[in-house]
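Colleague: Based on these hints, arrange chains B and Z on the given structure of chain H.
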Amino acid sequence: MFLRAFLPLLLLLGYGVAQAALFGDSETREQLEALRTKVLEMEARMQRTEEVFMGQSLIELHSQAEALKEEMGKLRGQIEVLEDENRSLRKRQKDFYLDLDNRLRQIEPGSASVSVPDAGISIPASELPAADIKNTTPLKTPVILQLPDTAQRNRYDAAYALFKDGDYSGSIASFESFLSQHPQSALAPAAAYWIGNAHYAMRNFDKAISAQQRLIETYPDSPKIPDGLLNMASSQVEIGQKAAARKTLENLIANHPGTEAAEKAKRRLGSLK
Amino acid sequence: MVIHMRNFLYCTGVFLLLWMNTPLQAALNIEIFGGGANRVPIAIAPFNGERGLPQNISAIISADLERSGIFKLVDPLGLTSQEPVSYVDWLGRGASALVIGSASMLPDGRVDIQFRLLDVAKQVQLTGFSGAVTTEQLRAFAHRIADIVYEALTNEPGVFSTRIAFVRKQGSRYALQVSDYDGFNARSLIEYTEPIISPAWSPDASKVAYTSFEKKKPVVYVQALATRERKVVANFKGSNSAPTWSPDGNKLAVVLTLHGGSQIYLINADGSGLQRISQSPGIDTEPNFSPDGKWLIFTSDRGGSPQIYRMPVSGGAAERLTFEGDYNVSPRYSSDGKRFVYIHRNSGRFSVAVQDLSTRQMQLLTDSSFDESPSFSPNNRMVLYTTEVSGRGILSIVSSDGQTRSRFSQEAGDIREAVWGPLLKQR
Amino acid sequence: MKKIFAVLAISLLSACASDNAQQTSDVEDHSYNRGGEGEGMRSGAGSDGFGMNPLQDPNNILSRRSVYFDFDSYTVKGEYRDLVLAHASYLRDNLNAQVLLQGNTDERGSREYNLALGQRRANSVKDILLLSGARDQQVEAVSLGEEKPRALGNDESSWTENRRTDILYQGEY
Numbered sequence: 001m002f003l004r005a006f007l008p009l010l011l012l013l014g015y016g017v018a019q020a021a022l023f024g025d026s027e028t029r030e031q032l033e034a035l036r037t038k039v040l041e042m043e044a045r046m047q048r049t050e051e052v053f054m055g056q057s058l059i060e061l062h063s064q065a066e067a068l069k070e071e072m073g074k075l076r077g078q079i080e081v082l083e084d085e086n087r088s089l090r091k092r093q094k095d096f097y098l099d100l101d102n103r104l105r106q107i108e109p110g111s112a113s114v115s116v117p118d119a120g121i122s123i124p125a126s127e128l129p130a131a132d133i134k135n136t137t138p139l140k141t142p143v144i145l146q147l148p149d150t151a152q153r154n155r156y157d158a159a160y161a162l163f164k165d166g167d168y169s170g171s172i173a174s175f176e177s178f179l180s181q182h183p184q185s186a187l188a189p190a191a192a193y194w195i196g197n198a199h200y201a202m203r204n205f206d207k208a209i210s211a212q213q214r215l216i217e218t219y220p221d222s223p224k225i226p227d228g229l230l231n232m233a234s235s236q237v238e239i240g241q242k243a244a245a246r247k248t249l250e251n252l253i254a255n256h257p258g259t260e261a262a263e264k265a266k267r268r269l270g271s272l273k
Numbered sequence: 001m002v003i004h005m006r007n008f009l010y011c012t013g014v015f016l017l018l019w020m021n022t023p024l025q026a027a028l029n030i031e032i033f034g035g036g037a038n039r040v041p042i043a044i045a046p047f048n049g050e051r052g053l054p055q056n057i058s059a060i061i062s063a064d065l066e067r068s069g070i071f072k073l074v075d076p077l078g079l080t081s082q083e084p085v086s087y088v089d090w091l092g093r094g095a096s097a098l099v100i101g102s103a104s105m106l107p108d109g110r111v112d113i114q115f116r117l118l119d120v121a122k123q124v125q126l127t128g129f130s131g132a133v134t135t136e137q138l139r140a141f142a143h144r145i146a147d148i149v150y151e152a153l154t155n156e157p158g159v160f161s162t163r164i165a166f167v168r169k170q171g172s173r174y175a176l177q178v179s180d181y182d183g184f185n186a187r188s189l190i191e192y193t194e195p196i197i198s199p200a201w202s203p204d205a206s207k208v209a210y211t212s213f214e215k216k217k218p219v220v221y222v223q224a225l226a227t228r229e230r231k232v233v234a235n236f237k238g239s240n241s242a243p244t245w246s247p248d249g250n251k252l253a254v255v256l257t258l259h260g261g262s263q264i265y266l267i268n269a270d271g272s273g274l275q276r277i278s279q280s281p282g283i284d285t286e287p288n289f290s291p292d293g294k295w296l297i298f299t300s301d302r303g304g305s306p307q308i309y310r311m312p313v314s315g316g317a318a319e320r321l322t323f324e325g326d327y328n329v330s331p332r333y334s335s336d337g338k339r340f341v342y343i344h345r346n347s348g349r350f351s352v353a354v355q356d357l358s359t360r361q362m363q364l365l366t367d368s369s370f371d372e373s374p375s376f377s378p379n380n381r382m383v384l385y386t387t388e389v390s391g392r393g394i395l396s397i398v399s400s401d402g403q404t405r406s407r408f409s410q411e412a413g414d415i416r417e418a419v420w421g422p423l424l425k426q427r
Numbered sequence: 001m002k003k004i005f006a007v008l009a010i011s012l013l014s015a016c017a018s019d020n021a022q023q024t025s026d027v028e029d030h031s032y033n034r035g036g037e038g039e040g041m042r043s044g045a046g047s048d049g050f051g052m053n054p055l056q057d058p059n060n061i062l063s064r065r066s067v068y069f070d071f072d073s074y075t076v077k078g079e080y081r082d083l084v085l086a087h088a089s090y091l092r093d094n095l096n097a098q099v100l101l102q103g104n105t106d107e108r109g110s111r112e113y114n115l116a117l118g119q120r121r122a123n124s125v126k127d128i129l130l131l132s133g134a135r136d137q138q139v140e141a142v143s144l145g146e147e148k149p150r151a152l153g154n155d156e157s158s159w160t161e162n163r164r165t166d167i168l169y170q171g172e173y
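Chains as they are written, first to last, in full-length UniProt numbering: chain H, 1 to 273; chain B, 1 to 427; chain Z, 1 to 173.
Looking at chain H on its own, in the form it has when it is part of the complex:
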């Protein structure tokens, strides 16, 4: 493009020289001829340059680059999705492993004798597999929960809907009947929790406490435990058992670190003076 800007000047030059030629000097005339040829040459070169542009090769190249960019974006997106799937698969695998490990521990005779100590038979620690030694803290037999079927879920949802509508006694009755019929359902711990919560909402704090107590004893591994403890502490505060509430909150903070309930417990503990 520089050439292009230059062209007028060159033409100007030619024009000026032509004028000069009027004064007549053969040497000047020769130089003039040479210049004219040069100008023509340059014009031809420019024409070619232009043709390259107009031939659109650059534009083609550019649109190919754009298409490649788009393609790369799609590939990048696929990689991102695969990475995410990989991450969640690994997590699920870990969960499966832990679950399986838990179940095996109950079946394996060695560990069973540790987790359910029997006064009649004693096995020297040395005979136990090394891996199981750390398991000497008494394990409560975990309840193996089953995934709820649609009927169970519907019943649970109905009981929960009653709670949301403020029909607490209706909700308690529904959850209790759910709990007695499906104690092994994966929804059972939540049902137990909401019973306590509904009692709390009705300001029946003693009942709220015993309901949460039941949750903790029946489903010690449930993720509902922290919320249950929090609710229990609130109930204890309401009936004036501040020391017990403090203990409950401390237990919650110590055993369920990182949960939202534990965070709330910390704040509440601060104001429980």
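Below 25 Å or equal to it, Euclidean Cα-Cα: the simulated BS3-like pairs (lysine-lysine) are:
#	chain 1	residue 1	chain 2	residue 2
1	H	K164	H	K264
2	H	K207	B	K122
3	B	K338	B	K294
4	B	K237	Z	K148
5	B	K338	H	K91
6	H	K266	B	K338
7	Z	K148	B	K216
8	H	K164	B	K122
9	Z	K77	H	K69
10	B	K169	Z	K148
No wet-lab data here; the hints were simulated from the structure.
Modeller: For chains B and Z alone, coordinates are given in the frame of chain H:
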């Protein structure tokens, strides 16, 4: 809030007669559980003498509390604010908390309003309040009462006296407006015949940044609410848009096209010190600062479809946050930085969704067809957005658990680009 | 050195011919647009009274100013190549001329994201202009996103109408 109240005092001589001494332990201890499960049954009795007033105070308080998603309104079924309070009857209606009050005209034309918040089971007063306001200030005063009730019962800040900004299109005119959180008392900050988009509140609520097309291209302005003085912050070659403030109010993130595609830049609030933040071959737009100022979440199509990403403000790799569907846009942080709200497209519908940053759990809050521009209330209990109803946008609020939704359909024109303003901290 | 000498020579010689300087401008513009009309092209837009401004002449390709795009596409289709190339050629020959490219979208959804998509449509026209010899200072690519739809209908033909980039010359916006 202090500023707000002080204005009251200066303008109209409100007397705060008695802030009832309210020991904290007397408060109803309300557990706020997720899922909108444990909604507190509260009754708002009609205020004595409010019939003749231009504003129905108890109705405003009721609407405020209900919208928060935390309260369940109990129908008074004929009971009034009459004292002595018949606690047994209120208990029979299922109310745990009760608001009663009265309004009476003063000789100077102002209205004297008193209210009391009562714990129905314990039969004690939790808080009370009284003041005199002009009739124009009745709405604001009712919102203030709702805030006091909310704060007394939840120990969280109430947001019913905060403001929102949005763009109202009427015919060929565009107005950038600021109103009460429920869309009332809207006032134009600027009106123009060219579009305005992307209003953004400064953290101290004194200014709004926005994108205007009055120069036949998008240019970013900052305008002061009090003086209406405005200035250009970003008018670079190409498009200038999507302003958002850093939490300290010193900087703005903006989207410029200086190097081709839309990319995110940082710029000082006075328009100096431009600095490029994002580096991608695709589109990076709609930046939003984390409350600690360390992160930006934004929309990018670097992976072939618009998705939400997060990157450190100091620069560095961006991490993709959304994986459901092929269209996730307009992210905004909650004020605790734990969640963000955004627009998710699913089979042609654009709905409001929220995602937890640590668990990556996403939840749809709405199921409407065309929702836009969601933003959290300052206490994160509600989300403001616009939704399209028969061809025009209207303001809507959904509680953060998706359980309670309300629409403000009284406004004229087409409402878009709504954004919730900050809560003014007590000084 | 050669160049400097050449420039000196030119200025000397042109000084001799100063009375003819006016006419050189006609020569300067001769390569403009094979169509022929050579007058007044230095001023960019606006007619100079000598016949029709090619930018406004309905028979001239330069009067066409809109480039339409396919749904979800940002590349200039083959059928609009000649149009864009004609504008590139005009800009090359009229260094004072400047254009504003306004990209538009028909898409629903986020206004800011659509603004970025409109920008992409403006940029792809800009890229071709620059690759064909227009200068960077002559071209500004901006986006109007979904904010200024030309067609307001809710049907396929309106949407098609709104997926476009407009070429506006200085003085036209």
